[in-house]
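A.B. asks: Top to bottom, those sequences are chains L and F. For what it's worth, our numbering labels the leading residue of the first sequence as 785, then goes sequentially. For what it's worth, our numbering labels the leading residue of the second sequence as 35, then goes sequentially.
Treat the hints as calculated values from the structure; they're not laboratory data.
Result set (SDA-like, lysine to any residue): computed pairs, CA atoms no more than 25 Å apart in a straight line:
1) L/935 x F/175
2) L/934 x L/898
3) F/141 x L/937
4) L/929 x F/167
5) L/817 x L/803
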Amino acid sequence: MDASVTLQRLTERFGDSILETHSYRGDDTAVVKKEDIVALCTFLRDDGKLLYNFMMDLTAVDYLGREPRFEVVYHLYSLRYNRRVRIKAGVPESDCSIDSIVPVWIAADWFEREVFDLYGIAFNGHPDLRRLLLYEGFEGHPLRKDYPVKKRQPLIGPIN
Amino acid sequence: MGSIKGRLGALRRSGQELLDSGEAERLLGGSVLFTKVESVVNWARKYSFFLYPFVTACCGMEFMSVAGPKYDLDRFGAALPRFSPRQADLLMVVGTISHKQAPVLVKVYNQMTEPKWVFAFGVCAVSGGFYDNYATVQGIDTLIPVDVYVPGCPPRPEMVIDGLMKLQEKVAQERWSDWPRGAAPVTDEAKLTEC
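One chain only, chain L, in its complex shape (with noise of 0.2 Å):
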């Protein structure tokens, strides 16, 4: 299949990396090692078979009881060979965090940041890591599994 193009040169080029690919229903996906990600990406954008040159989504999914717990997961775009890949990426607890990929598409800066600040796992790297949907002074991170349901946040006061 044209579409496995991607899993293939992956697998080529950092077979070791790759822990893991599917490609069900022609979307493909392929698990990775978290240190690998940006020099993975920036295979993934710059290589003459793939040209990867659109970041279309950053997201994190949090699987509580499950390790690594965390997964950071990435949605890319080829518009010169119309192309979809999938990347997933664990990040255990204990080591919250996960090389930034601003360096290789700009246009993750907000979605690093949101990740951030919604699941608490940190980007190195990042040029401006601050939260971008809550305020400063929100205490937790709330799409976490763990994050209390009732929980109350201190209100802010008044602009200044």
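For this one, chain L is given, so just place chain F on it according to the hints.
C.D. replies: Frame of chain L, contents of chain F only:
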């Protein structure tokens, strides 16, 4: 029929009765009106609310409906939305208030000149509604004092009109000593800790 002086003397025993009956005005030929300044001022206030619509969500559509010609809040003297809080005396909080918005709402409230009233329009403004989550203020009364609560998702125009009439009744009974009330307390610790 006795002299005016004699009749006034007879009525002096119940001054309120004299005022309420209109007898005194009749005796004085209808050119004098007895009332209380408080009553006159409250009467004027309750029929000339200047709204500040703080519209944040879908209730805004219902607000437009009730402000428009079909239901016509202007019949109650409350049809002139002001787009500066400093010119308004009725803060209509229409919709969901998030924690991030809370300081803006408090600032708008504190910018309004007194006397001023607050109308919680819709269940989100009243109590947070079904947005029982990390982002939503659980009722604007945790931030600013509220005079009328109109629940509903959104409230029917009839409910809004009923709420406005309730507010008019409330305004009619106010005393001079009710004002000024001062700046809003921002944080009500008691409301924050209950979960």
